[in-house]
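Asks: If you want the building blocks of each chain, they are given just below.
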Amino acid sequence: MNLSATQESPAVRVGLTALTVVLLVTLLLLPLAVVFTEALKHGLAIAADALVAPDAIAAIELTLIVAAISVPLNTVCGLAAAWCIVRFRFSGRGLLITLIELPFSVSPVISGLVWILLFGANGWFGPAFDRAGIRVIFAIPGLVLATTFVTFPFVVRTLIPLMEQQGASEEEAALTLGATGWQTFWRVTLPNIRWGLLYGVLLCNARAMGEFGAVAVVSGHVRGQTMTMPLQVEALFNDYDWVGAFTIAGLLSMLALLTLVVKAALEWRIGSRGGPLL
Amino acid sequence: MMQPARHSALPGFNLTFGITLLWLSLIVLLPLAALILRPWELGLAGVWHSITEPRVLASLRLSFGVAALAAVVNVPFGLLVAWVMVRYRFPCRNLADSLIDMPLALPTAVAGIALTALFAPKGWIGALLTPLGIKVAYTPLGILVALIFVGLPFVVRTLEPVIMDLPLDSEEAAATLGATRSQIVRRVVLPALIPALLAGFGAALARGVGEYGSVIFIAGNMPMISEIAPLLIVIRLEQLDYAGAAALGLVMLLVSFAILLLLNLLERRIHQRT
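First to last, the sequence lines map onto chains W and E. Per my numbering, the very first residue in the first sequence carries number 1; after that it's consecutive. Per my numbering, the very first residue in the second sequence carries number 279; after that it's consecutive.
One should not assume that every hint holds.
Using 27 Å as the maximum straight-line C-alpha spacing, the simulated BS3-like pairs for lysine-lysine come out as follows [to be verified]: (1) K41/W with K400/E; (2) K413/E with K41/W; (3) K400/E with K413/E.
Covered stretches of chain E, going by a simulated chain W footprint (3 or more residues, C-beta under 8 Å) [what the hints assert, rightly or not]: (4) 307-321; (5) 442-452; (6) 471-480.
Some chain E residues well away from chain W (every beta-carbon gap over 12 Å; in silico) [stated by the list, open to error]: (7) T330; (8) P332; (9) A336; (10) R371; (11) S376; (12) I412; (13) T417; (14) I426; (15) I511; (16) E545; (17) Q550.
Bear in mind the hints are in silico, worked out from the structure with no lab data behind them. In this text, a Cβ means the ideal position worked out from N, Cα and C, and glycines have one as well.
Please work from the sequences and hints to get the whole structure.
Replies: If you want it as structure tokens, here you go:
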């Protein structure tokens, strides 16, 4: 058999590999490099000043608050959804999966728009909430709702293949031995899926903290009040405050890098690349 | 109606199904109902008028056109990267593999300003292109660059598992029969990858059509020239034209779904034939 026909010649292999490396470096690494270069252009001290500016601190805090509400909500509900989708067969199950994945195929801007249609000044519920003194749009609740919509599928999508692959035999054994449903969940199910769950939470959190389009629509851009970090990046960039914009962008880039590192570690732990794309 | 049939020994169906349905209804279904229903406040003629304005049509053409072009570019790029990642071993391969997800992990606004800085006339890449008379930042070409950036992982990640599962023996069989490597690639490998290439193309296209954050900084946002459809939705919302914004959003969503459905059918047709 002509072995050379089952793989490319060494020259072709080296060429294609080099081409790939060049492509990945130009397309993926250069943007990252430019962020840190621009942030540190006038020195570390100025970048540090930009990071502790009152508006920057407020943006960091707001980002953490929004993620701290929407990520746990989506985690608990994602766990519930995965349990009923994987462990039971019922009519409408396929439809349920499709609907859960829907937010992934919606433009971020539409993910924000829908909340304005509901809670904006001309929204279905906007005037009623306004009379009750509750502000949703241009306030934290709107940011949380938009972020929750965008990050809705992550935990479920990660857990479904994992739990399907693991099967229900251990849970059935626990129940047969007399464990209650909750005991089974805490002692058997949760330990079995913990790395996969963490993987889903990681992706969910990365998107929640980095989301731009959806929150841009519902934020109202009140400086120091309704600006998350990505929105603050936009505002500073449009003000020609490049050092300020790229410093916060640098912080977000470090979050992205950290996410990729932990993701790689978890994939190694789980033994496969289990989850959805971010 | 919703009767559990299998694994009925396990508890918790009612609780988990209830939470799921409640959560789905509040967070996804209710908002989407508003998107579907609100445009019609304008009346049928009003909706038609609102989505056939020249500025709207130009933005839709731009969004779908550039997203399609970026997805076309990403097919060979993605094929190259996926092939090298799966079939070859080289130093720092794991690092490179993790990097592929960078466009997904990096917040879109960060990608947007970074690409703008790179391709601005005085930027690292822009400065090289300006003498050649190529303007990227603040033109539709800038949108293309941004969409290639965000779309690449979709093609790579769709292709990788399929390339991994390609049966090596069919390549070996072809080699035994005297085929050259380039014949094998063209006649055996590529045809087997076509459904995955289509799926990757579709995923990159769908992402590109709706993309906002990475595009608006580099696009220049000139009405009729470099104004994407999502931006026009934002503009309409700022003018308090909720129904008009919803109409445009609904059109984008429906056209995207139609394209994905078509690609899906095509994929299935090809799958059946092979």
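Asks: Check each numbered hint from earlier against the structure, then list the numbers of those it violates in ascending order.
Replies: The structure conflicts with hints 6, 10, 11, 14, 15, although it agrees with all the remaining ones.
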